[in-house]
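Engineer: This is what each chain is made of:
Protein chains: 2
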Amino acid sequence: MFEGKKNMGAKTFLFPTPIVLCGTYGKNGRANLAALAWAGICCSEPPAVQISVRPSRYTHEAILDKREFTVCVPSSSQSKIADFCGLVSGRDVDKLASAGLTAMKGQFTDAPVVAEFPVCMECKLIGSLKLGSHDLFVGEVAAAWIDGKYLDEKGNADLRKLSPIAYAPMTGGAEYFTVGESAGKSFSIGRELMGKK
Amino acid sequence: MFEGKKNMGAKTFLFPTPIVLCGTYGKNGRANLAALAWAGICCSEPPAVQISVRPSRYTHEAILDKREFTVCVPSSSQSKIADFCGLVSGRDVDKLASAGLTAMKGQFTDAPVVAEFPVCMECKLIGSLKLGSHDLFVGEVAAAWIDGKYLDEKGNADLRKLSPIAYAPMTGGAEYFTVGESAGKSFSIGRELMGKK
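For the protein sequence lines, the chains are A and B, in the order given. Just so you know, we're using numbering that gives the first Met the number 0 here: the first sequence kicks off at 0 and counts up by one. Just so you know, we're using numbering that gives the first Met the number 0 here: the second sequence kicks off at 0 and counts up by one.
Identical copies carry no separate label here, and so any pair may be met within one copy or between two of them.
Below 27 Å or equal to it, Euclidean Cα-Cα: the simulated DSSO-like pairs (lysine-lysine) are:
id, residue 1, residue 2
1, Lys65, Lys104
2, Lys79, Lys26
3, Lys160, Lys184
4, Lys104, Lys5
5, Lys65, Lys10
6, Lys153, Lys5
7, Lys160, Lys5
8, Lys160, Lys79
9, Lys65, Lys129
10, Lys129, Lys10
11, Lys123, Lys65
12, Lys123, Lys104
13, Lys148, Lys160
To be clear, the hints were calculated from the coordinates, so they are not data collected in a lab.
Work out the full structure, taking the sequences as your base and the hints as a guide.
Structural biologist: This is how it looks when you write it as structure tokens:
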């Protein structure tokens with residue numbers, strides 16, 4: 000039955016992941032951004048997202064210190080900036096200055112909202128799990144800021160305009176991608192299979 | 000400074016999410032699949048993924064019962080099947096039969112590997128968090144099965160061939176998307192910004 004299947008081993012073959020930038024104020028008082036792909040939504044009520052961070056990272060201590068952080072969603076046109084934020088440490092480099100980004104203090108948290116990203120959520124730490132190489136942090140969303148130009152005529156977020164990054168870790172060449180064509184409406188296209196068998 | 004920004008409220012504006020299918024053997028002994036978008040990678044060592052499931056769902060009790068489950072990644076050509084799996088409950092419907100899918104008992108877990116999906120990870124429950132509407136489950140990956148036709152010539156997973164689903168919850172029309180064009184190589188395109196102030 001497993002014919003044609005190959006066991007790639009104990010690997011996190013989950014595709015695609017988002018790319019987010021976790022904003023904190025570090026010990027030096029400077030706004031900082033960590034690029035994270037180990038991230039996702041994890042609860043609807045309260046609305047919450049999970050990000051997973053290595054304990055060695057500068058952002059890890061900042062999250063535990065303030066217990067507040069932002070999770071920003073960059074546009075695919077900003078993948079160079081996102082990549083840069085994953086290559087250097089906020090201990091050594093003022094990433095926002097290097098990337099030409101503007102930090103504004105959050106209205107609900109002591110964490111930086113970055114003006115240039117389409118979306119930025121202000122989050123409060125409500126849970127965590129020590130897993131091994133990474134600690135999983137759960138952030139309850141206090142506010143989701145979006146730049147008005149990414150809204151559609153009904154006032155909803157427009158994914159086409161936003162053009163977030165889809166990431167493909169664990170593949171041949173780890174790569175950032177845009178989001179492509181529609182593959183159907185959710186809670187809709189599957190109805191065709193209902194009532195069968 | 001917040002000029003042009005709109006606070007959409009306490010909402011999980013994280014884009015894109017993956018769409019995965021969580022495979023379990025239910026109380027009735029039948030293989031079942033739950034469609035989940037609240038999911039992501041959360042640890043590298045041990046390799047682990049998180050899925051978040053409402054306590055009312057049939058899959059929730061199956062995960063707690065067996066403490067083993069699969070996380071399958073469908074292709075965007077299978078979005079109708081993924082959607083269907085989110086519309087009905089395994090309590091009432093044999094989803095695999097309805098969707099023409101084949102379950103094979105895992106080689107590392109008591110959970111179903113589904114033949115027709117490009118990727119299927121066998122996972123063991125290693126942690127959980129009660130969050131509210133959802134419980135977050137962490138699964139350590141014991142094996143990542145991939146169909147040989149989704150490998151590139153070097154034997155790595157090929158995202159282009161796989162064509163996973165990128166989901167856009169919380170947007171105007173919640174929609175499934177394909178993964179689009181390259182937006183650059185990771186740990187690479189950001190180097191241009193290094194060395195700058």
